Amino acid sequence: MIKQGDLVEVEIDDVSSEGSGVARVDQQVVFIPNTVTGDRISSRIVRVKKKYAQGQLEEFRKNSAYRIRPRCIVADKCGGCQWQHINYSYQLQLKQNQVKETLTRIGGFADLQVEPIISGEDLSYRNKVNYPLGVSHTGQIKAGYYRQGSHQIVNINQCPIQDQRLNPLLAEIKQDLQQLQIPIYDEKTHKGALRHLCFRIGKNTGEILLTLVSAELSDDTMDKQAEKWMKRYPNLVGVTLNYNPQKTNVIFGQKTELLAGRPYLIEQFARLNYHLRAETFFQVNTTVAEDLLTAILNKLSLTGEETVLDLYCGVGTFTLPFAQKVKKAIGVESYSLSIEQAQRNAEINNIDNVEFITETTETFLPTLEIKPDLVILDPPRKGCQTEVIESLKQIKSNFILYISCHPATLARDLQLLCQEGDYRIMFVQPADFFPQTPHVETAVILTRIS
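The numbering of the sequence shown is this note's numbering, which starts it at 1 and goes up by one.
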């Protein structure tokens, strides 16, 4: 029986859905970060639970054929990426297997066909980044991601997974903030001002939006500096300050002030123009999201006479392309700012067969008076609430499109939707929105059995 503190030599025989290598010692599963299938290592056991143990990598005995040299100099410290050490083709294989295995194990779907995973560039893909700010022991401002399993900031001046056009801004704006001597927020004492440095870029337009998150409102110093940034960076279209004085891990507060330019950037997605603010959700991997949308539309073969209901619709990312293909589209979203953006996005694209409603999905569905031909679900990572699933069973739409970033909750919800024989899976399409991490996006189309 293994104990905490034991030093063991193991071979990694799998990789978990959370990204750690999996080994077995005395019939007990041991999860070890920063390892991959085929690694032979020595590991120190740091925690022992009833059903599993956790170890840390001590020394390599033999490197896996899937192991590569990370392309980031802080990959072994930074918690932003977990899979920089894994060959990208094997990352895709792991995600493909994860989707199929999870739908089978949790959902109970046997003999399931899963389409080959859609992928794009494995670096420079992120169109949005939020960097927490801190201060080093020498008094220098730090910006970066948290070290794995901690709240210690790993300072970076560039990041290989963010759009590379953002790298100069990250390094130089840190220097500017240092010279301005604006106090940095301390999450332990809750004193100071600046909390996060946030960038969003239009992958297809190049427009950049800079947002500072602060526990204090702006003053003349920040206003003047914002104007300087606008002159320095030709692609920078706006600088905003988000006010968040709360003692919370949530990044954005309720109030955003425009310091210079405009409070949104323009991005082109699926041949449409979108206004995107800092606080609203948009898929971080524009290219792969477009490819996933194309695959879905090709599979559905819409006639143009359908009514589509898009739940958790955000800024209309998928609602608007669908609206162009159908008779009527309805988007539902609880975040009012996203609905404002969605309505604006419909206007600028001259799409008038769409309606956007500010309401939670669980309260909206019981009041629905029409039967949509297609329901689109793109819920948060935790999946759909039970009452949403029950309402969908009552509505009996011909098709349900479920888009998920978490295979386990996806499998759970699909099992509930299909358990009474009303629906069957007709299409499963994984997509790699998040290279260098264990996360995978999956779109599943359910068809109603008449």
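Because the hints were derived from the structure by calculation, they are not lab data. Small disclaimer: the values here were computed from a predicted structure and weren't measured. Cβ coordinates follow ideal geometry from the N, Cα and C atoms, glycine included. Incorrect hints may have been included.
[Said to hold, decoys possible] Pairwise CB distance ranges (calculated): (1) ARG61 / ILE2: 36 to 46 Å; (2) GLN181 / MET1: 36 to 46 Å; (3) THR294 / GLN254: 46 to 56 Å; (4) THR221 / LEU112: 57 to 67 Å; (5) ASP26 / LEU302: 48 to 58 Å.
Hints, verified against the model:
1. Between ARG61 and ILE2 the beta carbon distance is about 18 Å. The supplied range of 36 to 46 Å is therefore violated.
2. For the pair GLN181 and MET1, the supplied restraint of 36 to 46 Å is violated, since their beta-carbon distance comes to about 57 Å.
3. Taken as a hint, the range 46 to 56 Å is violated for the pair THR294 and GLN254, whose Cβ atoms sit roughly 36 Å apart.
4. Separation of THR221 from LEU112 is about 58 Å and conforms to the stated range, judged on CB atoms against 57 to 67 Å.
5. The hint said 48 to 58 Å for the Cβ distance between ASP26 and LEU302, and at roughly 55 Å that hint holds.
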